[in-house]
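*Asks:* Put together the whole structure using the sequences plus the hints.
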Amino acid sequence: MGDAAHPCPRRAPAQQDVVLQAFADLGFRFDEAEPKRGTPSSAVASRVGFWQEIELWFPAEYGSIGQLEIAFNAREDFLDLLTGGSGRLTFSYDDLDPEQVRARLDAHYRERFRPAS
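So for the sequence shown, the numbering used here puts the first residue at 128; every next one is plus one.
Quick caveat, the hints were computed from the structure, so don't treat them as lab data. There may be inaccurate statements among the hints.
Stated by the list, open to error - Cβ-Cβ distance ranges computed for the label pairs, FRET-style:
1) R231 with D158: 16 to 26 angstroms
2) D233 with G193: 10 to 20 angstroms
3) R164 with D224: 31 to 41 angstroms
Remember, it's a predicted structure, so these values are computed and weren't measured experimentally. A virtual CB, placed ideally from N, CA and C, is assigned to each residue, including glycine.
*Replies:* In structure tokens form, the structure reads like this:
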């Protein structure tokens, strides 16, 4: 079947793919994605009545933290990564360099979750 039979895209938009690939490059493992009604509580200027929660497993180097829940909030010029209890990261569509995204995610999660040595 072609995409015409499916009203929702089967792949993430390219901007979200950059962020998801950065998570994979850092060793995070996908667990599941779950569509939800409404909007995430930390969403900014959301215009849709649904969202998708994505659950990832932390890599071993962060300790036995368990899962990370994320969601994306696409705005006109920015992509917000909603990261559950660890805040929101905002990326400009004009500045989604894969290396910079990976470094920013790594710094964010090391600061908040990596056990002290």
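*Asks:* Does each hint fit the structure? Answer for all of them.
*Replies:* Quick rundown of the hints versus the structure:
1. R231 with D158: 16 to 26 angstroms: Since the Cβ atoms of R231 and D158 sit about 22 angstroms apart, the hinted range of 16 to 26 angstroms holds.
2. D233 with G193: 10 to 20 angstroms: holds, 18 angstroms
3. R164 with D224: 31 to 41 angstroms: Once the Cβ atoms are compared, 34 angstroms apart, the range 31 to 41 angstroms for D224 and R164 holds.
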